[in-house]
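J.: In case you want the letters, here they are:
2 protein chains.
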Amino acid sequence: MSVLPLEPFTRAEDRDPDSQTQKVARAVYEHIRASKLKAGDTLPSEGAFAEELGVSRGIVREAIRALTAVSIVDVGNGRRARVGAVDQQVFAILIDHAIRTEQVSVQQVWDLRRSIELRTAALAAMRRTDEEAAVITQHAAGMRAAYPDIAEITRHDFAFHRTIAQATRNPLYELIIAAFGVVIEETGPVGWHSRPDESERVAVFDMHDAIAAAIRQRDPTRAEQAMADHFDLSVKALVNAGVR
Amino acid sequence: MSVLPLEPFTRAEDRDPDSQTQKVARAVYEHIRASKLKAGDTLPSEGAFAEELGVSRGIVREAIRALTAVSIVDVGNGRRARVGAVDQQVFAILIDHAIRTEQVSVQQVWDLRRSIELRTAALAAMRRTDEEAAVITQHAAGMRAAYPDIAEITRHDFAFHRTIAQATRNPLYELIIAAFGVVIEETGPVGWHSRPDESERVAVFDMHDAIAAAIRQRDPTRAEQAMADHFDLSVKALVNAGVR
Chain A
1 MSVLPLEPFT RAEDRDPDSQ TQKVARAVYE HIRASKLKAG DTLPSEGAFA
51 EELGVSRGIV REAIRALTAV SIVDVGNGRR ARVGAVDQQV FAILIDHAIR
101 TEQVSVQQVW DLRRSIELRT AALAAMRRTD EEAAVITQHA AGMRAAYPDI
151 AEITRHDFAF HRTIAQATRN PLYELIIAAF GVVIEETGPV GWHSRPDESE
201 RVAVFDMHDA IAAAIRQRDP TRAEQAMADH FDLSVKALVN AGVR
Chain B
245 MSVLPLEPFT RAEDRDPDSQ TQKVARAVYE HIRASKLKAG DTLPSEGAFA
295 EELGVSRGIV REAIRALTAV SIVDVGNGRR ARVGAVDQQV FAILIDHAIR
345 TEQVSVQQVW DLRRSIELRT AALAAMRRTD EEAAVITQHA AGMRAAYPDI
395 AEITRHDFAF HRTIAQATRN PLYELIIAAF GVVIEETGPV GWHSRPDESE
445 RVAVFDMHDA IAAAIRQRDP TRAEQAMADH FDLSVKALVN AGVR
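Residue numbers (my numbering), protein chains in the order written: chain A, 1 to 244; chain B, 245 to 488.
A few of these clues could be false.
Okay, derived cross-link-like pairs now, SDA-like style, lysine to any residue, Cα gap no bigger than 20 Å in a straight line [as the list claims (entries may be wrong)]:
{"no.": "1", "chain 1": "B", "residue 1": "LYS480", "chain 2": "B", "residue 2": "ALA457"}
{"no.": "2", "chain 1": "B", "residue 1": "LYS282", "chain 2": "A", "residue 2": "GLN107"}
{"no.": "3", "chain 1": "B", "residue 1": "LYS280", "chain 2": "A", "residue 2": "GLU102"}
{"no.": "4", "chain 1": "A", "residue 1": "LYS23", "chain 2": "A", "residue 2": "GLY40"}
{"no.": "5", "chain 1": "A", "residue 1": "LYS23", "chain 2": "B", "residue 2": "ALA336"}
{"no.": "6", "chain 1": "A", "residue 1": "LYS236", "chain 2": "A", "residue 2": "VAL202"}
{"no.": "7", "chain 1": "B", "residue 1": "LYS280", "chain 2": "A", "residue 2": "LYS23"}
{"no.": "8", "chain 1": "A", "residue 1": "LYS236", "chain 2": "A", "residue 2": "ARG169"}
Hint data in this document are derived by calculation from the structure and do not stem from the laboratory.
With the sequences and hints as input, model every part of the structure.
T.: Right, dumping it as structure tokens:
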């Protein structure tokens with residue numbers, strides 16, 4: 001039973017404390033929608049919600065905490081609760097949990113990444129700032145320079161993909177790519193150790209350079225193609241390493 | 245301040261009750277990872293966590309509730325807490341919240357949908373069961389038959405896309421497409437009203453038929469192309485309707 005809003009509240013168990021919390025969480029969520037509040041706007045006090053809904057302040061506090069967990073509400077140190085900004089960490093934890101509990105496989109995550117990153121490469125080539133183009137280029141160079149420090153290569157690799165997502169000017173892409181951080185951190189090293197020879201490792205660096213160059217030159221078609229080549233090689237490496 | 249795990253706990257405010265909850269939530273999450281628990285597996289009792297971590301049962305209960313909100317833990321009526329299954333509703337609420345608080349625009353959601361659904365169409369053509377092919381075909385036909393009942397068209401439309409996502413055999417796709425339900429429900433009617441003439445409406449039905457046919461005939465290239473045509477037309481309709 002979830003403590004989330006948007007659930008119907010017509011069942012017998014609505015009288016138990018968990019369901020009351022759920023009902024209040026829904027009411028708070030509806031208040032944000034109905035009042036057209038934006039991220040950072042202040043919410044009414046716990047007392048005001050308690051009075052309006054005819055429940056204890058303790059229940060309101062619990063409901064606010066549940067909404068805080070999904071970053072719909074943001075509660076600072078003693079500050080009045082505010083409407084929350086979309087939190088990359090929530091997505092990241094959901095993806096991480098799904099992989100660790102084997103509800104999804106690493107290969108399934110990589111297929112989703114591929115679908116999304118063909119597009120982020122193309123959009124970044126069209127919309128990147130000059131500074132973003134420079135940062136993307138630096139991370140590609142940083143990967144090559146960091147060899148054979150795999151942790152450092154992985155750090156540049158993740159920052160490379162994340163900066164491309166950011167350069168799309170669509171926050172949803174950054175949100176989802178950031179959530180893949182955990183997967184990249186853990187499968188990156190596996191992929192590296194599975195590459196049998198030096199030439200394949202060099203190919204990985206060359207591919208990141210090719211993506212960066214296409215984005216720098218504002219060429220979406222070539223950026224997308226270079227990203228596709230990158231994923232084809234990486235997925236092959238994972239398959240060779242026996243990663244499901 | 246988030247009640248989520250994976251946060252560092254080295255700060256001064258770690259002694260306040262909210263941070264204690266956060267710390268315990270993290271410990272529970274780490275327990276799930278370290279013990280390699282899967283969805284449905286039972287967690288240790290609140291008392292056991294309280295004793296091991298040296299905190300009150302009340303704090304453990306709050307931490308469990310926070311994890312329940314993101315569906316990492318599932319708590320039934322009086323049952324012992326279990327490891328939760330990935331919850332489509334959590335993604336859906338995050339996306340809904342992001343749109344309503346204007347952190348992302350409808351057009352940005354459509355661009356993400358397009359990136360993902362080109363791939364779901366292709367994968368569905370390769371992996372769909374015969375039953376899924378039949379359901380997809382029925383929803384395409386249902387859209388046309390429902391005209392001019394826009395709510396009913398929208399219902400078939402959403403079920404059509406969701407069944408395609410399901411047919412990919414990759415639960416991440418269904419998770420994300422399901423999260424778009426709210427957007428489809430609200431922008432669907434806007435798109436319809438913006439279509440100036442009958443021929444454009446017929447074109448939408450024809451496109452859904454074309455996608456269904458390609459999936460039925462196991463033709464991933466044609467399925468992807470038909471999905472691209474569909475999105476190009478729909479995005480044009482939204483732009484004409486002035487949807488940001």
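J.: Now look at each hint and say whether the structure bears it out.
T.: Right, here's what the structure says about each hint:
Our distance criterion of 20 Å between C-alpha atoms is broken by LYS480 (chain B) and ALA457 (chain B), whose separation comes to about 24 Å. A C-alpha spacing of about 18 Å is found between LYS282 (chain B) and GLN107 (chain A), which places the hinted pair at or below 20 Å, so the restraint holds. For the hint pairing LYS280 (chain B) with GLU102 (chain A), the CA-to-CA distance comes to about 9 Å; that is within 20 Å, so the pair holds. A distance of roughly 23 Å separates the Cα atoms of LYS23 (chain A) and GLY40 (chain A); the hinted pair therefore is violated under the 20 Å criterion.
A threshold of 20 Å between alpha carbons decides the hint, and for LYS23 (chain A) with ALA336 (chain B) the separation of about 18 Å falls inside it, so the pair holds. Restraint check for LYS236 (chain A) and VAL202 (chain A): the C-alpha separation of about 15 Å stays at or below 20 Å, so the hint holds. For the suggested pair LYS280 (chain B) and LYS23 (chain A), the alpha carbons sit about 33 Å apart, so the restraint of at most 20 Å is broken. For the hint linking LYS236 (chain A) to ARG169 (chain A), the alpha-carbon distance of about 31 Å lies beyond 20 Å, and the restraint is violated.
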